[in-house]
Amino acid sequence: MGKVNPAVLEFEAMVKDKESYIKFIEEWVKHSWRWAKEDKYVTVFKIQASILRAIREYLDSQGFIEALPPIIGPVTDPGIRGAKQATIDFYGHEYKVMSSAILYKQYMAAVLGKVYFVSPNIRLEPNDSVFTGRHLVEFFQVDLEILNGTLDDAMKVAEGLFTYVTRYIKDVHGKDLEKMGRSLPDYKPPFLRYTHAEAVELVNKLGCRNPSNTEILWECEKVLSAYHDAPIFIYQYPKGSRGFYNREDPGKPGYLRDFDMLYPEGFGEAISGGEREYEPIKVIARIRESGEDPNKYRWLLEMLKDFYPLKTAGFGIGVERLTRFICGLRAVWEARPYPKVAGIGPAP
Amino acid sequence: MFEWLALKMGELALRLRASLVTLRGIRDFIDDYPIDEILLKAIKGEEGVYPFGELASYGAAMLGAPINRRGYPRFLTIDDLILVPPAFTPKRLEKMAELLREPVFTDVNLEVDVGGLKSSMPLVVASMGSTDIASRYSIAIAKAAAKEGIPFGIGENVHTVRGYDKRLTRGHPSFKERVMAYLTNMDKYGGVFIQQNVEDAYDEHWNKVYSDKDLEPYIDEGRVAFEIKIGQGAKPGLGGVIRMRREDAVKVREKYHFLEDPLKTNKKTVERYSAPGTYTADILRGMIRLMRTSYPRVKIWVKVGPFRDVLDVIRVAYEEGANAVIIDGKEGGTGMAPSVAMKELGYPTIVGLIKIREARLMGIDDRMSLMIAGRLFNGAHIVKSRALGASAVYAGRPFVVAAMVKGEAGVRNFIRATRVETQMIVSALGKYDIRDVSHEDVASLNKDLATALGIPYVYSREF
Chain F
1 MGKVNPAVLE FEAMVKDKES YIKFIEEWVK HSWRWAKEDK YVTVFKIQAS
51 ILRAIREYLD SQGFIEALPP IIGPVTDPGI RGAKQATIDF YGHEYKVMSS
101 AILYKQYMAA VLGKVYFVSP NIRLEPNDSV FTGRHLVEFF QVDLEILNGT
151 LDDAMKVAEG LFTYVTRYIK DVHGKDLEKM GRSLPDYKPP FLRYTHAEAV
201 ELVNKLGCRN PSNTEILWEC EKVLSAYHDA PIFIYQYPKG SRGFYNREDP
251 GKPGYLRDFD MLYPEGFGEA ISGGEREYEP IKVIARIRES GEDPNKYRWL
301 LEMLKDFYPL KTAGFGIGVE RLTRFICGLR AVWEARPYPK VAGIGPAP
Chain Z
1 MFEWLALKMG ELALRLRASL VTLRGIRDFI DDYPIDEILL KAIKGEEGVY
51 PFGELASYGA AMLGAPINRR GYPRFLTIDD LILVPPAFTP KRLEKMAELL
101 REPVFTDVNL EVDVGGLKSS MPLVVASMGS TDIASRYSIA IAKAAAKEGI
151 PFGIGENVHT VRGYDKRLTR GHPSFKERVM AYLTNMDKYG GVFIQQNVED
201 AYDEHWNKVY SDKDLEPYID EGRVAFEIKI GQGAKPGLGG VIRMRREDAV
251 KVREKYHFLE DPLKTNKKTV ERYSAPGTYT ADILRGMIRL MRTSYPRVKI
301 WVKVGPFRDV LDVIRVAYEE GANAVIIDGK EGGTGMAPSV AMKELGYPTI
351 VGLIKIREAR LMGIDDRMSL MIAGRLFNGA HIVKSRALGA SAVYAGRPFV
401 VAAMVKGEAG VRNFIRATRV ETQMIVSALG KYDIRDVSHE DVASLNKDLA
451 TALGIPYVYS REF
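Each protein sequence line maps, in turn, to chains F and Z. Under my numbering, the residues of the first sequence are numbered 1 to 348, in order. Under my numbering, the residues of the second sequence are numbered 1 to 463, in order.
The following block holds chain F by itself, in its conformation from the complex (with noise of 0.2 Å):
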């Protein structure tokens, strides 16, 4: 059993009283050049450029070959939990802005193999989405995708990537992360893997009601991810909780080939991965499971066509996350610079 993370605890109490906070946060946001100037932060942005470094070295190592991700495109990732999409106009077209690459990652892998986009993504988060200490609306992530990789493959690079940013950070920001009164364990991969439904079955038993066809709540998540020291894996989500381009195991109908894993001491969420749908007419039913036309997706639906079977999996991690886990620090908006969150602004 591990412990709440303090900064974790700090940001609960901070949210309780919903008015302050929000008072807080818009301040936080308004005028965030005062404090990305104090130390701490200026030392947060330094180990955050480190984080970027570690996770080119491993991915480098292997054999992963970065990419140029795309800004803009007809269409981008509808798997997002409620949150909107922006919109431009391209020429009298409607262009979205990447909610993420995920579409483009399987396009790259087919060309390069292996392949990884250190990618800006915009999604327009529901408001509440402000009290969960986790959602940007303006973020990065790396994303990343194995040409005929498998769920198990996918799962190892998150243990191996894991592991070696942390030991990087320990090594080169030793003092740095002492001084903000973190300290981070070594860990040793392979870590828990469980089930959805052994999940939910887990959260059920701590205290937290979950439905069992659904996503895990985020207060349940949270609790999850509190219950471990280290990293943990969910796998075999139920279909329909998840975007379209999850794939469903053929073995195990109605249940998806695809992975979360979770930060421990309460920090939640670290990456979401799985292995990708590559049968045509099986893209096209899930897309209909949002409620959309498919001939909005009509270039990722040819490319399925041309390229078939392309089989691929991979996951995308998100940056501001795996700083504010590794820093100890209370919600994401101090792991940036000009942090938006959802509905607050305008600012920087």
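Since the hints were derived computationally from the structure, they do not count as laboratory data. Please note: incorrect hints may appear among the correct ones.
Said to hold, decoys possible - Calculated lysine-lysine pairs in the DSSO-like style (CA-CA distance at most 30 Å, straight line):
1. F/Lys30 x F/Lys40
2. Z/Lys208 x Z/Lys147
3. F/Lys96 x Z/Lys166
4. Z/Lys213 x F/Lys23
5. Z/Lys251 x F/Lys16
6. F/Lys340 x Z/Lys166
7. Z/Lys264 x F/Lys296
8. F/Lys96 x Z/Lys251
9. F/Lys40 x F/Lys18
10. F/Lys16 x Z/Lys208
11. Z/Lys213 x F/Lys18
12. Z/Lys208 x F/Lys30
13. Z/Lys166 x F/Lys296
14. F/Lys179 x F/Lys46
15. Z/Lys147 x F/Lys296
Chain Z: place on chain F using the hints.
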């Protein structure tokens, strides 16, 4: 000479007829729909439950039950069922013990839960969409429904065609105007349910609603539902069609299907088709799960046309924890539908009620509301539907008719009159809570219906 005259007369008659044909739609509606009954209620309010015109008033009328029906349809309707009050009324005795006096119809409680929303009575304003008529009267209906405490729906395409918060078309309120007209006038009862079709999904309608700060307090309070639409009563299996001005069509040309490219045509108006939307059991299941994940604070409703596999829809919706399923029978209203669809596609409303009865017997309990729609408009319809397992009646046209004749007041009058009518019937059945009404309270004038619904056939000894 005579032949020539006869020919000319014939031609004239045909021409006259031809000019009348162009009025079809309105005329059919007036001829066929029970317009008078609704108009009377809209104008007179509670008094409208009595069949009095200006000339006949209390004590001066001589009326009996009408047996000749205008435009008798080729299929059976809910009017083939009757309500059968008992002489012995133990529930009335119970109520009397509670009140310490003889109960009257105003003591009847009509409050019910409808799809996770609290309603002042088992009546719901159907989600009407972007058509001219639905749009034009939407604000009056919204305000009246809110003030009378019954749930109110907003149909598909409103966002895409009329605009989300800015008006896209002159004289027509935007989505936001409609929804706020309802929400800001609501008291302790009611709630709003909102559709999104394929084309609205393009605009991420539900996402926008879910993160709209003005709607948030109502979402938090649990007063908002999202309604999945699987077909429509009047045209099951077909999508909507609407005529648009060319310049409006140009704005939405990537989202809809047009037979003629609005950029290339020089016609003033073009016909816009929306897709019916493809479903399988898996797609519906996935959709509900996705919605529960993405929008955990709203209720989920599913409206389904008169499809033969409607019980499968109900089962999937129930298993996935949806809050309501509405069956829209073929008599349901529509903005526009091919005549052949209205005549031939799908089954009558009463069959929808048979399906609901079957679903209840199958074990679909009241954790999920089941509603019935399609030419239902009065207190008797409400009570019969409740008696057979429906949670509420879902209606659209009566509110439009009432709004057309007398605006918001007309709609409120109509709702109030229907409320009184419902209370009267329930009390006549010896009951004082609409939730106590059950299948024992109805009987059938038709043998087949009696068998299908498991209720007695009136002209028999079993009754």
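- Item | Given pair status - Z/Lys208, F/Lys16, alpha carbons within 30 Å | 26 Å, holds
- Message: For Z/Lys213 and F/Lys18, compute the direct alpha-carbon distance and say whether it is at most 30 Å.
- Response: Answer holds: Z/Lys213 to F/Lys18 is near 15 Å, not above 30 Å.
- Message: Checking one constraint from the list: CA of Z/Lys147 to CA of F/Lys296, max 30 Å. Satisfied?
- Response: 41 Å, violated
- Message: So if I understand the rule, the pair passes when the alpha-carbon distance is 30 Å or less; does F/Lys96 with Z/Lys166 pass?
- Response: Roughly 21 Å between the alpha carbons, so the hint for F/Lys96 and Z/Lys166 holds.
- Between Z/Lys213 and F/Lys23, does the CA-CA distance stay at or below 30 Å? With Cα atoms ~16 Å apart, Z/Lys213 and F/Lys23 stay inside 30 Å; holds.
- Message: Would the hint linking Z/Lys208 and F/Lys30 be met if the CA-CA limit is 30 Å?
- Response: This hinted pair holds, its Cα atoms lying about 24 Å apart.
- Task: Quickly compare the C-alpha distance for F/Lys30 and F/Lys40 to 30 Å and report which way the hint goes.
- Result: Given that 30 Å is the threshold and the Cα spacing comes to 19 Å, the pair holds.
- Query: If you draw a straight line from the CA of Z/Lys166 to the CA of F/Lys296, is it 30 Å or shorter?
  - Reply: 25 Å, holds
- Message: Does Z/Lys166 sit within 30 Å of F/Lys340, going by the straight-line distance between their CA atoms?
- Response: 26 Å, holds
- Mind checking the alpha carbons of F/Lys179 and F/Lys46 for me, to see if they're no more than 30 Å apart? Since the Cα atoms of F/Lys179 and F/Lys46 sit roughly 14 Å apart, the hinted pair holds (cutoff 30 Å).
- Query: Given the hinted pair Z/Lys208 and Z/Lys147, is their alpha-carbon gap at most 30 Å?
  - Reply: 26 Å, holds
- Task: Assess, step by step, whether the Cα of F/Lys40 is no farther than 30 Å from the Cα of F/Lys18, and give holds or violated.
- Result: 26 Å, holds
In the structure shown, a violation is registered for the earlier hints numbered 5, 15, in ascending order.
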